[in-house]
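Full structure from sequences and hints, please.
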Amino acid sequence: MSTFYITTPIYYVNDAPHIGHAYTTINADAFARWHRLMGDDTMFLTGTDEHGLKIQRTAEENGVTPLEQADSTSVRFREAWEQLNISNDDFIRTTEERHHLAVQTLMQKAYDNGYIYSDTFEGLYCVGCEAYYTEDELDDGNCKVHERPAEHMSEDNYFFKLSAFADQLLEHYEQHSDQVRPDGYRNEVLGLLRQEVRDISISRTSINWGVPVPWDDKHVFYVWYDALINYATAVGYGADEDRFGTYWPAAHHMIGKDIIRFHCVFWPAMLLAAGITDLPKFYVHGWLLIGGEKMSKSKLNGVTPKQLIEGDDEQAFVPFGVDGVRYHFLRDPSFGPDGDFSYEQMIVRYNSDLANQFGNLVQRVITVTGKKCGDLAPSCDGDSPLKAEAEKAFTATTEAWARAQPPIALDATWRLIRETNEYLAAKEPWKMEPGADVDRVMGDSLEAIRIVSILASPAIPVAAQLAWERIGMTGNVDDQRLPDAATWGQYAGGVALTTGDPLFPRLKG
RNA sequence: GGCGACGUAGCUCAGUUGGUCAGAGCGCUCGACUCAUAAUCGAGAGGUCGACAGUUCAAGUCUGUCCGUCGCUACCA
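Just so you know, the first sequence maps onto residues 2 to 510 in this note's numbering.
Derived from the structure by calculation, the hints contain no laboratory data.
Quick caveat, the model's predicted, so the values are computed rather than measured.
Errors might be hidden in some of the hints.
The calculated DSBU-like cross-link candidates involving lysine-lysine, where the alpha carbons are at most 30 Å apart (straight line), are [said to hold, decoys possible]:
| no. | residue 1 | residue 2 |
| --- | --- | --- |
| 1 | 162 | 219 |
| 2 | 219 | 55 |
| 3 | 428 | 373 |
| 4 | 258 | 307 |
| 5 | 388 | 55 |
| 6 | 110 | 282 |
| 7 | 282 | 393 |
| 8 | 162 | 258 |
| 9 | 388 | 432 |
| 10 | 307 | 509 |
| 11 | 258 | 219 |
Next comes the structure, spelled out in structure tokens:
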């Protein structure tokens, strides 16, 4: 059995969950679900990043402790992911003891190996970014991101010898073309490594809300470096070497393109410095654009996952349901380039793919079967014309997931839905007399629905399970294992079908 | 400034090594059907494949230039 370990970035608790977080997390979830279907021993991690000056200050402003501050926001992420049916196996918080231990273990190793040294750092610091800037990176002394003055700071820092790993990493990414997907982002990583790679500051003395540096307790680690290590913490780094050995070699990080440098350059170097030679792979996505523009905080605040799922009268949002939201984020934006988030497009896609094609297919097949085949469903024909289509759909779907292209995978699955609708139109079972011919047509259609339910379950887990049950299948669709479960000819019939409300009621734009 | 990507039907995009490559889905129009959530099925609408020049028997598919969009990165001011 192979293993698959996938992570989302851990989200900074200074910000409430928005659709950008949801986009990343839903994609990671779909990959996790797909790999479970494929029978992989899968580990899916998400969580929250809770250290740093920004949290410390926010807590002070609110008159609470930093941990209380983090608690209140972290739980909102948990709730959001629960609502979106995210199937994470663990939820890590960087304030947890296990994480502190892992950070200290890993950094101590890097220190012992001679890759960390002390130096004085002086510069202009933006609290919002938690980063130092040079004069010309600022806009009249103000941080361009946060539009506030950068502060003069001078402190003794520990530095990480990133420069010592530039060549090794360059070679690594040159030789392994599948480490960073899509390919365009791999080129960016190579570009970063071909330039001068400078050592980086990794500790702070000016704050205390962080993980203490084990060999010098006046310092805490800079929030970014503490944060990255969460990926190792969660699979037992420093605590359970067997577990770490099992999952770490299969690590995949789902990230947005804005954090490529930290993840694809800094993080692997830190691993190497600590003597870990298995380097993670990356799935890099672009940003969701709203009306062609990069999402701003204010625009984001206008749209939350919850509003899209449940609908919102004030904003005149219709309820897409959990699966509707998930499907849109997986199917509409190309994976990699920036994609447009469009409410109108979301409705069009929902009505077309979910309501008209899939939901309606389930409905019509169950109804016709009930009218023409008696109380118990017929079995499928081992030699149906749909058999080849099901095989094609499975092959193409599998290939697209392997290439890290959810939109293409879903399109491939939906091809079987369209083929089944065509098949029904060609056979017109509703005109036929009850008998073997109708039984065959309906059995085949039910078999196609069975297979689609499995293949579509990573995207629309709720509806897939519902369809699964309505055609008389038992157990959980999530527990099916590919490729066997997708092999044509397994629908045995002899069971009662269930009618019900439409899986996806049509929405009015 | 350097490096790189992209610019194909109204929309989102497919189009390996040049020769059925002018395509798919959605949208739209018309037709069919009525089992189904006014869903489904079929047909069509004719986009000079950003512009120009070139290589070739043959170019979205190669070369050069230009225009446009974007990303990464550097630096002067």
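Hints, verified against the model:
no., hint, verdict
1, 162 <-> 219, "21 Å, holds"
2, 219 <-> 55, "19 Å, holds"
3, 428 <-> 373, "13 Å, holds"
4, 258 <-> 307, "25 Å, holds"
5, 388 <-> 55, "57 Å, violated"
6, 110 <-> 282, "23 Å, holds"
7, 282 <-> 393, "28 Å, holds"
8, 162 <-> 258, "24 Å, holds"
9, 388 <-> 432, "23 Å, holds"
10, 307 <-> 509, "19 Å, holds"
11, 258 <-> 219, "34 Å, violated"
Hints 5 and 11 from the list above are not met by this structure, while the remaining hints are.
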